[in-house]
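These protein sequence lines are chains A and B, in that order.
In this text, residue positions in the first sequence follow this note's numbering: the first is 1, and each later residue adds one.
In this text, residue positions in the second sequence follow this note's numbering: the first is 173, and each later residue adds one.
Do not take every clue at face value.
As a list, the in silico EDC-like pairs of lysine to aspartate or glutamate whose alpha-carbon atoms are at most 16 Å apart [to be verified]:
hint : chain 1 : residue 1 : chain 2 : residue 2
1    : B       : Lys413    : B       : Glu444
2    : B       : Lys413    : B       : Asp430
3    : B       : Lys346    : A       : Asp61
4    : B       : Lys346    : A       : Asp51
5    : B       : Lys247    : A       : Asp51
6    : B       : Lys346    : A       : Asp44
7    : B       : Lys346    : A       : Asp117
Computed list of chain A residues with no C-beta within reach of chain B, every gap over 10 Å [said to hold, decoys possible]:
hint : residue
8    : Asp51
9    : Ser58
10   : Ser129
11   : Thr155
Honestly, the hints are just simulated from the structure, not real lab data.
Don't be surprised by glycine CBs; every beta carbon is placed ideally from N, CA and C.
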Amino acid sequence: MKRCLFVFVVLSFVLLMGGVAFAQPEASITATATVLSPLSISGDQNLNFGDVLPGVNSSVDKATDAGTNAGKFSISGNASSEINLEFTSLPSALTNGANSLTISFSSTDAGHTTNSDGSSQTAFDPSASTTATLSTGGNLYVFLGGTVQPTHTQTAGTYTGTVTLQIYYTGN
Amino acid sequence: MVVALPLNQYLFRECNTGSKTHEIQIMRRSISFLALFTVWGMYPLYSQASFAPVALFLDNNNRSGYILADNGTEKPQEVSIEFVFGYPVSDSTGKVTIFFPDSLTGTEPNAAPWLYAYPGKFRLEPYQRRKIRFIARPPQDLPVGEYWARPIITSTEMRKLMTGDNQPRSIEAKVYFQIRSVLALSYRNGPVSTGITIQGIRAKAQGDSLVLLLDMKRTGNAAYIGNAILRLYDSSGTVVKTITKQIAVYYTLRRRFDIDLKGLSPGEYVAEFELNTRRNDSPGKILQSTPVIKTVALTIP
Chain A
1 MKRCLFVFVV LSFVLLMGGV AFAQPEASIT ATATVLSPLS ISGDQNLNFG DVLPGVNSSV
61 DKATDAGTNA GKFSISGNAS SEINLEFTSL PSALTNGANS LTISFSSTDA GHTTNSDGSS
121 QTAFDPSAST TATLSTGGNL YVFLGGTVQP THTQTAGTYT GTVTLQIYYT GN
Chain B
173 MVVALPLNQY LFRECNTGSK THEIQIMRRS ISFLALFTVW GMYPLYSQAS FAPVALFLDN
233 NNRSGYILAD NGTEKPQEVS IEFVFGYPVS DSTGKVTIFF PDSLTGTEPN AAPWLYAYPG
293 KFRLEPYQRR KIRFIARPPQ DLPVGEYWAR PIITSTEMRK LMTGDNQPRS IEAKVYFQIR
353 SVLALSYRNG PVSTGITIQG IRAKAQGDSL VLLLDMKRTG NAAYIGNAIL RLYDSSGTVV
413 KTITKQIAVY YTLRRRFDID LKGLSPGEYV AEFELNTRRN DSPGKILQST PVIKTVALTI
473 P
C-alpha cells in the first residue's frame with residue numbers, strides 16, 4: 001500500500017510538472033536596470049579674445065563668434081527637463097601676475113540654444129540666473145561673450161580669468 | 173526575477189526548468205524589459221564632467237549611496253564636493269530656481285551638516301570614471317521626516333602652469349571655465365508621506381498664447397516629486413492640447429503653462445490639470461500619492 005501511494009505521488013508530481021512545462025512554451029523573465037539620470041556638462045570652448053591692442057576695447061559676441069571665440073558650454077541630460085543656469089562668478093578683471101585687464105559682461109552677453117552652432121540663441125543676463133529647457137534630445141548649449149578694455153599703458157602678457165557656471169535640474 | 177544589467181549589455185539568462193537548464197529564447201511578446209541599457213551610455217564622451225544620478229535618496233535604513241563621476245575628456249579634472257541646503261521655489265511668473273537661504277534658523281529640514289562625501293576632493297584622470305560615496309550621519313534624536321541637501325560638485329579642468337614669455341610683445345586675454353553641478357539629495361527618517369493640493373489656477377492672455385498659472389502646495393512630510401499634466405478639451409470633449417511638466421514641490425510652487433492659441437477656434441474649453449507621481453527618473457525612490465485632478469472652464473475669444 002505504501003509503495004502504491006509512493007508511486008501515485010511520484011506520478012502526480014511528474015504529470016503536474018510536465019503539464020506546467022507544456023503549458024509554458026514561452027518563458028518570461030523581467031529584467032530591470034537602474035537608469036541613471038545624468039547631468040553632463042562640457043566647457044567646449046574658452047572665451048578667447050586673442051591678441052588685443054592697448055587702448056582698444058575688444059569684444060567677443062556670443063552669437064557671431066559662437067564657432068570661434070565665444071565661450072561655449074554643452075549640456076546634456078534628461079530630455080525636455082528644465083534646468084537653471086547661473087554664472088556664479090564673473091570676473092571684473094583678468095590677471096597676469098600683478099597686472100590686470102578689465103573685462104565686462106553686458107546684460108545680453110549670454111545666450112542659450114538647443115542648436116550646437118549657436119544659432120537662435122535666447123539671450124540672458126550672465127549676472128542673473130535663468131531657466132532653460134533641454135531639447136527633446138536632452139541637449140542645450142550656452143554661449144558667453146564679453147568685452148576687455150586694455151588701457152593705453154596695458155602691460156603685454158597673457159591675461160586669464162575663470163568663469164564659473166552653476167547648473168542644476170530644478171526638478172521641474 | 174529581478175536582474176541587474178551590466179552597462180550597455182543585453183541580458184540573456186538561463187532558467188532552470190525541471191532537471192534541465194535551457195537558455196531562454198528572448199521573445200518580444202513574452203519578456204518585459206523594463207530597461208535594456210543605462211542612459212549613461214547614450215551620452216557622448218566629449219563631456220567635461222558627467223554625474224549620475226542627479227538625485228539621491230537615502231534613509232535611516234540605507235544611509236549611504238553613491239554617484240558616478242565621469243571625465244569624458246583627455247584632460248584631468250579637479251573635482252570637489254560640498255553640501256548646502258536648498259530647495260526649488262518659484263516666482264510670480266512661474267520661473268523655478270533653487271533657493272539657497274543666506275541664513276538658517278535651525279528649523280529647516282537641513283541634511284547638509286551631517287552629510288559627507290568620500291572622496292571630498294580628488295583628481296579625475298582622463299576618461300576615468302569613479303564613485304563618489306555619500307554617507308549620512310544624522311543625529312540620533314533626529315525627528316521623523318524628510319531632510320534635504322544639494323550636493324554641489326565643482327569640476328575644473330587642470331591646466332599646465334604658464335611658463336610665459338619673459339618679454340611678451342602682445343596682450344592676450346582668455347577666460348577659462350569652472351563648472352558647478354548641483355544635484356539633489358533627500359534623507360528620509362522614519363515614515364514619510366507626500367501629497368499635493370491645487371491652490372489655484374489663473375489664466376491670462378499674452379500675445380498669441382494663453383498662460384495658465386498653477387499654484388500647488390505640498391501636504392505630508394516629504395517633497396512631492398511628480399508631473400503636472402495639462403489637457404485642454406474643446407466643447408465636444410476632445411483633447412486639443414496636452415502639456416506635461418515635471419514638478420518638485422517642496423513647500424509651494426507655481427508652474428506656468430503656455431498654450432499656443434494658433435489653430436484653436438474661439439469658444440468654450442475646459443483645462444484639466446492632473447498631478448501624479450508617475451516619474452521614471454528615480455525608479456522606486458519617488459514617494460507615491462493619489463493623483464489629483466482639477467478642471468477650470470475657459471473661453472477663448
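Each hint tested on the structure:
1. A hinted pair counts as satisfied when its Cα atoms are at most 16 Å apart, and Lys413(B) with Glu444(B) qualifies at roughly 10 Å.
2. For a cut-off of 16 Å, the pair hint linking Lys413(B) to Asp430(B) stands: about 11 Å separates their Cα positions.
3. A distance of roughly 14 Å separates the Cα atoms of Lys346(B) and Asp61(A); the hinted pair therefore holds under the 16 Å criterion.
4. A threshold of 16 Å between alpha carbons decides the hint, and for Lys346(B) with Asp51(A) the separation of about 9 Å falls inside it, so the pair holds.
5. For the hint pairing Lys247(B) with Asp51(A), the CA-to-CA distance comes to about 25 Å; that exceeds 16 Å, so the pair is violated.
6. Of the pairs offered as hints, the one joining Lys346(B) and Asp44(A) holds, with about 14 Å between alpha carbons and a cut-off of 16 Å not exceeded.
7. Distance hint between Lys346(B) and Asp117(A) is unfulfilled; the C-alpha atoms sit about 21 Å from each other, more than 16 Å.
8. For Asp51(A), the non-interface assignment is contradicted: its Cβ lies about 5 Å from the closest Cβ of chain B, within the 10 Å cut-off.
9. Here Ser58(A) does not stay apart from chain B, with its beta-carbon only about 7 Å from theirs, under the 10 Å limit.
10. The Cβ of Ser129(A) does not lie farther than 10 Å from every Cβ of chain B; its closest approach is about 6 Å, which violates its non-interface assignment.
11. Against chain B, the non-interface label of Thr155(A) is violated: not every CB pair exceeds 10 Å, the least being about 8 Å.
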